[in-house]
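Trainee: Read top to bottom, the protein sequences are chains F and U. Quick note: the first sequence uses numbering that gives the first Met the number 0, first residue 0, plus one each step. Quick note: the second sequence uses numbering that gives the first Met the number 0, first residue 0, plus one each step.
For the record, the hints were derived by calculation from the structure and aren't laboratory data. We put the beta carbon where it would ideally sit given N, CA and C, even for glycine. Some clues are possibly wrong.
Negatives, chain U to chain F, calculated, CB over 12 Å [to be verified]: (1) R4; (2) E6; (3) R68; (4) G72; (5) W74; (6) I84; (7) A124; (8) E145; (9) L152; (10) P153; (11) R154; (12) G155; (13) S159; (14) R163.
Facing chain F, a subset of chain U residues (Cβ under 8 Å, in silico) [unchecked claim]: (15) E48; (16) I59; (17) H137.
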Amino acid sequence: MNERRLHQALVGVTPPDEMGAQRRSWRVVRTAFGEREPTPWPVRHRRPIVGAAVAVALLAAALSSPGQAVIGGVRDAMGTKTTVVQGVPQARPSLFSLPAPGRVLVTAPTGAWIVSADGHKRRLGDYRDATWSPGGRFVGVSKASALAAVTPKGDVRWTLSRPRVHDPAWAPSGFRVAYLSGSNVRVVAGDGTGDARIDAAQNVAPVWRPGEEHLLAFVDPAGNVNVVQTDDKQVLWTAGESASSPMQLAWSADGKRLLAVRRLEGGRMALVVFDGEGRRRQYLELPGTPADAAFAPREHSLALLRRIGPRSELVVVNGDSLRDQQVVFSGLGRFSEVTWSPDGRWLLVGWPSADQWLFIRSADVSKIKAVSSLGVQFDPGGTGAGPFPRIEGWCCPPR
Amino acid sequence: MAGLRGEERAWVRGAQAGSLADLEALFREHWPRAHRAAYLVVHDAAAAEDIAQEAFLAAIRSLDRFDRRRPFGPWLHRIVVNRAIDWARSRTLRAEVGDGALAAVADGERLRRGFSPPVVAALAALTPEQRAVIVLRHLLEYTPGEIAELLELPRGTVNSRLRRALDDLADRLEDDRP
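Bound-form chain F, shown alone:
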């Protein structure tokens, strides 16, 4: 083959899905371009001056009485000083057992942890986010620049270096893991191979539709909800308008409902429920700022946490008739996450303001088991300061 023929052969090569790749990349590039801040010359000379000015301002503030208040406020925000409200009385001082079979996955400032049914806690490593694989055989974990799969004993099976990794989600088939990396949603095979970008995405955790197909819901940079077949990157449907820029997505266990939770202005929220084909089935605006929502394991009931004024509420809502609601529990301060036990009989709610976890029986909500001092329990030998341990999921018992 002479050089001319080699050139012709190379020019004639078409990478698979060339047009799709171009289209997806243009969306990402366009978004990045829109978000960039032009760097005026001579910025490198200006930075030390700005830094010095900030340092002087901070010093002056610290030496004045109002400045001390400002610093106190900063400490609050960093989580080293919190206001603890009265939680459920007679809470257990430690997590001795879970009320239902399974294991709870937790992320704390000290890393990712698994809590067994007998209350035993095992630290998996220094990870920020975590997701169960189906059946609980593995845990997908992430830190700033890596995604990894570890066994429940903490042995690392594979790692993948990527920038700004967060919100991993293991597909119900077990063969894919979705995650966010910077402003992209990406998918890698369950053995850590074939990592690929799916599309540009907002900072909202992507969610897999239950089933063997690899259908993923995510929010694109324009705020639209997209459902994509990740193996061929074909978008099955897109929904904007009423579901624009949701803060959370959740599939029902049968994959027939997709919930989008939106935060509205004026301390209100909207719940939007789609069917599997993208048709909007329900829309309801209601008071409160949303914190978390989760569908029950077997039906279309969903648990919703919302903040109304100084109080927070756990509400169970019928996903097929959103006006059908029941406030299950209410308390002062902030609730963080809610998850269902694998058998659907218990709800686990994080209550950072009271430093408690609440286990609430779904069939008889008067039955509440509370555990206190969660911060310290996931910081052995420490003070438990810092962000409250986050509940990542309650999975199946070990096989």
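On the provided structure of chain F, position chain U as indicated by the hints.
Mentor: The following block gives chain U in isolation, referenced to the frame of chain F:
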């Protein structure tokens, strides 16, 4: 070529000033070759897409510092080819551990992607460094001197690498003939 160069300068100037249309013109002009070059070095469609996209994102991040008197293409291709070489090397070195069943699924996917043209298959058998010089010379049409500059290599190294890569490629294409 001079007309295109003038047009390209105008696009870069416009993009630096915040014009999305000019950025799009730059993207449309340079994406296909950048993407193809990445693909021919890494032989993985998803990775090629990532690499080309990340090269454009890196270019956007550095756009304000870009010297408009210089052509945009070599600047972009330097990023693309170096990242592609890094990716291909790391893939060769990385020993991935996984379930047997999961690996079988991944292999099945590779099979479904179909057969490549003979030149692509022959190219895949070369080292990443050899693929890179072939792509730079015979797809992007840089001179050995320019390739040496892009890859920060001595010119003699580029020449010998190119010669050996072409010989290997010819051998493999010869072997594939029925």
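Trainee: It remains to establish, for every hint, whether it holds in the given structure.
Mentor: How the hints compare with the structure:
no.: 1; hint: R4; result: holds, 21 Å
no.: 2; hint: E6; result: holds, 19 Å
no.: 3; hint: R68; result: holds, 16 Å
no.: 4; hint: G72; result: holds, 15 Å
no.: 5; hint: W74; result: holds, 15 Å
no.: 6; hint: I84; result: holds, 16 Å
no.: 7; hint: A124; result: holds, 15 Å
no.: 8; hint: E145; result: holds, 16 Å
no.: 9; hint: L152; result: holds, 21 Å
no.: 10; hint: P153; result: holds, 22 Å
no.: 11; hint: R154; result: holds, 18 Å
no.: 12; hint: G155; result: holds, 20 Å
no.: 13; hint: S159; result: holds, 17 Å
no.: 14; hint: R163; result: holds, 15 Å
no.: 15; hint: E48; result: holds, 4 Å
no.: 16; hint: I59; result: holds, 5 Å
no.: 17; hint: H137; result: holds, 5 Å
The structure fails none of the hints (numbered hints given earlier).
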